[in-house]
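Asker: With my numbering applied, the sequence shown covers 1 to 531.
Any given hint could be a false lead.
Unchecked claim - Calculated cross-link-like contacts (lysine to aspartate or glutamate; reagent style EDC-like; alpha-carbon spacing at most 16 angstroms):
id	residue 1	residue 2
1	Lys132	Glu254
2	Lys373	Glu496
3	Lys255	Glu244
4	Lys255	Glu283
5	Lys58	Asp154
6	Lys510	Glu496
7	Lys257	Glu244
8	Lys301	Glu511
9	Lys257	Glu272
10	Lys255	Asp276
11	Lys372	Glu496
12	Lys133	Glu244
13	Lys132	Glu244
14	Lys252	Glu283
15	Lys257	Asp276
Claimed, not checked - Computed Cβ-Cβ distance ranges for the label pairs, DEER-style:
id	residue 1	residue 2	range
16	Phe24	Ile404	44 to 52 angstroms
17	Thr215	Ser279	53 to 61 angstroms
18	Tyr156	Glu496	47 to 55 angstroms
19	Lys264	Pro17	20 to 28 angstroms
To be clear, the hints were calculated from the coordinates, so they are not data collected in a lab. Values in this document were obtained by computation on a predicted structure and should not be read as measured data. Cβ coordinates follow ideal geometry from the N, Cα and C atoms, glycine included.
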Amino acid sequence: MTLESLPGSSGYLDLFPERRMSYFSNPYVLGLTVIAGIGGLLFGYDTGVISGALLYIKDDFEIVRQSSFLQIPTGNFLLDLACCDKATLHFFPEALVFSTCSDMETIVSMALVGAMIGAASGGWINDAYGRKKATLLADVVFTAGAIVMAAAPDPYVLILGRLLVGLGVGTASVTAPVYIAEASPSEVRGGLVSTNVLMITGGQFLSYLVNLAFTQVRGTWRWMLGVSAVPAVIQFFLMLCLPESPRWLFMKNEKDKAIAVLSKIYDIARLEDEVDHLSAALEEEQQRKNTVRYLDVFRTKEIRLAFLAGAGLQAFQQFTGINTVMYYSPTIVQMAGFNSNQLALLLSLIVAAMNAGGTVVGIYLIDHFGRKKLALSSLSGVIVSLVILAGAFFAETPGSSNGIYGWLAVIGLALYIAFFAPGMGPVPWTVNSEIYPEQYRGICGGMSATVNWISNLIVAQTFLTIAEAVGTGVTFLILAGIALLAVVFVIVYVPETKGLTFVEVERIWKERAWGSSYNTESLLEHGNESA
1 MTLESLPGSS GYLDLFPERR MSYFSNPYVL GLTVIAGIGG LLFGYDTGVI SGALLYIKDD
61 FEIVRQSSFL QIPTGNFLLD LACCDKATLH FFPEALVFST CSDMETIVSM ALVGAMIGAA
121 SGGWINDAYG RKKATLLADV VFTAGAIVMA AAPDPYVLIL GRLLVGLGVG TASVTAPVYI
181 AEASPSEVRG GLVSTNVLMI TGGQFLSYLV NLAFTQVRGT WRWMLGVSAV PAVIQFFLML
241 CLPESPRWLF MKNEKDKAIA VLSKIYDIAR LEDEVDHLSA ALEEEQQRKN TVRYLDVFRT
301 KEIRLAFLAG AGLQAFQQFT GINTVMYYSP TIVQMAGFNS NQLALLLSLI VAAMNAGGTV
361 VGIYLIDHFG RKKLALSSLS GVIVSLVILA GAFFAETPGS SNGIYGWLAV IGLALYIAFF
421 APGMGPVPWT VNSEIYPEQY RGICGGMSAT VNWISNLIVA QTFLTIAEAV GTGVTFLILA
481 GIALLAVVFV IVYVPETKGL TFVEVERIWK ERAWGSSYNT ESLLEHGNES A
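Kindly produce the complete structure, drawing on both the sequences and the hints.
Answerer: Written out as C-alpha cells, the structure is:
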C-alpha cells in the first residue's frame, strides 16, 4: 500500500471516484456531526447569553453593586455611553463586562477560568476515556452548572455555577472537533468539523433571541441561564445512542466495535480499505510508547511543529480582533447616527446572523478552497476591514455629527465579519482536529484550545486599556498589524491539509522536522507488507 493509495487520499479517490463522499451523502455522518456539534452550541450560547443576564443580576443582588470583588468601574467614555441603557448592552459579548459598566467581572471571568481548565484537562480525558465519555461528562458538568446558576441564592453560588459551566464548555470545545474529524471521510472532514463552528455562532444567535424572549418574564436572568441546560440534556441522551470514535476504538484494540461504526460510514469496498489502513496504523502506534504526557509534545520535533501551527492559529484567531470588533459594534452604530434601543437589539441579531451565515460559506469553501488559502484570504480581508475601521475612528471626533465616517465604520464592521467568519472562524478548529497523530490528538487539541481561551482572556482584559491609552483608531491599526503577522505565520508554519488522510498529514510534519529526504517507509511498512 503506497501513500498515494491510502483510502481517502486524493490519489485513492482519483482511482475510485465513485467512492468519493459529499457533505450530504451520508445522513448517519451528518447526524453524528450535528449531535456532537451541540457542544459548540453550548459554547456559543454561554458566550452570548451572559451579556443579557448580567443586566438583571445586578438588580437582584445589592451586594454586587457594593463589592469591589464583584464589580469594577469603567473609565472609557465610549463604553459609558453604550452603558446608558440596557437594550444596548444586550449585544455586548461576555468578555466586554470584564472591565466595564460596573458589572460582575468575577461572575463572567469565572467561566473563562473554567473553560481553560476544562480544555486543558479535556484533552487527557479524551485520550484516556474516549471522545464519547468526554462529551457525556461535559454535558453533566454543564447541566449542573446551569442548574446552580438558575437557583443561585447569592452571587457567590452563581460564580460556582459559572465555573462549572466553563468546565463543561472547555471540555466540549476540545472534544467535538476531534470526535467529528475522526468519524469523517477525509474529503469532507473540513466541512463537517466546521459545522461545529456553525453551531457556536448559531448558539450566539440563539442566546440573543432568548435574552429578548425573557426580558419581560419574572426571574429573567434565572431563565436565561437555566435554559442552557436543555441542549446539554438533549445531547447527553442523544450521545448515548451514538458510538465511540472508530479511530479511538481501533487504537484501544476494540476492532470489532470500530468496524461496526465504519460500516455505517463507508460502502463495503472502501470499508475494507479503511480497515486495512487502520490496522496498519494500529501496529504503528503499538510500537510507540503507550503513555503520552504533556511534556512529550515539546520533546518530539514533529509534534512540536504541529502544536506550534495549531496553537498559533488559535491565538491569532483571538488576537486579530474578533471580540474587539464585536465589542465596539454599538459605538460603531452610534457613530452612524442610530441610537434607538430597538436598533441596538436588532443589530445584535444581524451581527450574529452574519457570523453564522459566513460560517455556512466557510463549510463549503474549506474543502474546496483549502484551509491555508481560506485562512490567508480571510486574514487579507480582515486587515483591510481593520484599516477602514481605524480610519473611521481617526476621522470621527467627539460630538461630531458627520454620519459619513459612521457609515464607513459600519462598512468596515460588515466587511470584517464577512471575511473573518468563513475563514479564521472555522479554520483553526478544523486544522487542530486533523494535524496531530492519534496518540497526541486529544492532548494537543486540549492544549491548543487552552491557548484560545487564554488569548480570549488576554484580549478581554487589555484591549480597553490600550484603546483608552492610545485611542480606538490606533488600537484597530495594532490589530491590523497582528493580522499581518498572522499572514506570515500561516504562510511559514501552517501546511495545507485539505483532503489529506491523517497519515499524510503526519508525513508532512516528519518531513518538515527531518527534511524532505526523511525516510518515511517505517510509517507504512506494515501497509506495504499487505499490499
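Asker: Hints first: check each against the structure and report whether it holds.
Answerer: For each hint, the structure was consulted:
1. This hinted pair checks out: Lys132 and Glu254 have alpha carbons roughly 15 angstroms apart, not beyond 16 angstroms.
2. As the CA atoms of Lys373 and Glu496 are separated by approximately 8 angstroms, the hinted pair is consistent with the 16 angstroms bound.
3. Taken as a hint, the Lys255 and Glu244 pair is honoured in the structure, with Cα atoms around 12 angstroms apart against an allowance of 16 angstroms.
4. In summary, the hint linking Lys255 to Glu283 is supported, as the alpha carbons are separated by about 12 angstroms, within the 16 angstroms threshold.
5. For the given pair, Lys58 sits about 11 angstroms from Asp154 by alpha-carbon distance, which is consistent with the 16 angstroms threshold.
6. Of the pairs offered as hints, the one joining Lys510 and Glu496 holds, with about 15 angstroms between alpha carbons and a cut-off of 16 angstroms not exceeded.
7. Between Lys257 and Glu244 the CA atoms are separated by roughly 9 angstroms; this keeps the pair inside 16 angstroms, and the hint holds.
8. In summary, the hint linking Lys301 to Glu511 is supported, as the alpha carbons are separated by about 11 angstroms, within the 16 angstroms threshold.
9. Pair hint Lys257 plus Glu272 holds up; C-alpha atoms about 15 angstroms apart against a cutoff of 16 angstroms.
10. Proposed proximity of Lys255 and Asp276 is supported: the alpha carbons are some 11 angstroms apart, at most 16 angstroms.
11. Annotation: proposed proximity of Lys372 to Glu496 holds, straight-line Cα distance about 5 angstroms (limit 16 angstroms).
12. Pair hint Lys133 plus Glu244 holds up; C-alpha atoms about 8 angstroms apart against a cutoff of 16 angstroms.
13. With a C-alpha separation of about 5 angstroms, the suggested pairing of Lys132 with Glu244 holds against the 16 angstroms cut-off.
14. The suggested pairing of Lys252 with Glu283 holds, with an alpha-carbon distance near 11 angstroms, which does not exceed 16 angstroms.
15. Straight-line distance between C-alpha atoms of Lys257 and Asp276 comes to about 15 angstroms, which keeps the hinted pair within the 16 angstroms bound.
16. For the pair Phe24 and Ile404, the beta carbons lie near 45 angstroms from each other, so the given range of 44 to 52 angstroms is met.
17. For Thr215 and Ser279, the hinted distance range of 53 to 61 angstroms is satisfied, since their beta carbons lie about 57 angstroms from each other.
18. At roughly 49 angstroms, the beta-carbon separation of Tyr156 and Glu496 lies within the given 47 to 55 angstroms, and the hint holds.
19. Distance hint check for Lys264 and Pro17: the Cβ-Cβ separation is about 22 angstroms, which falls inside the suggested range of 20 to 28 angstroms.
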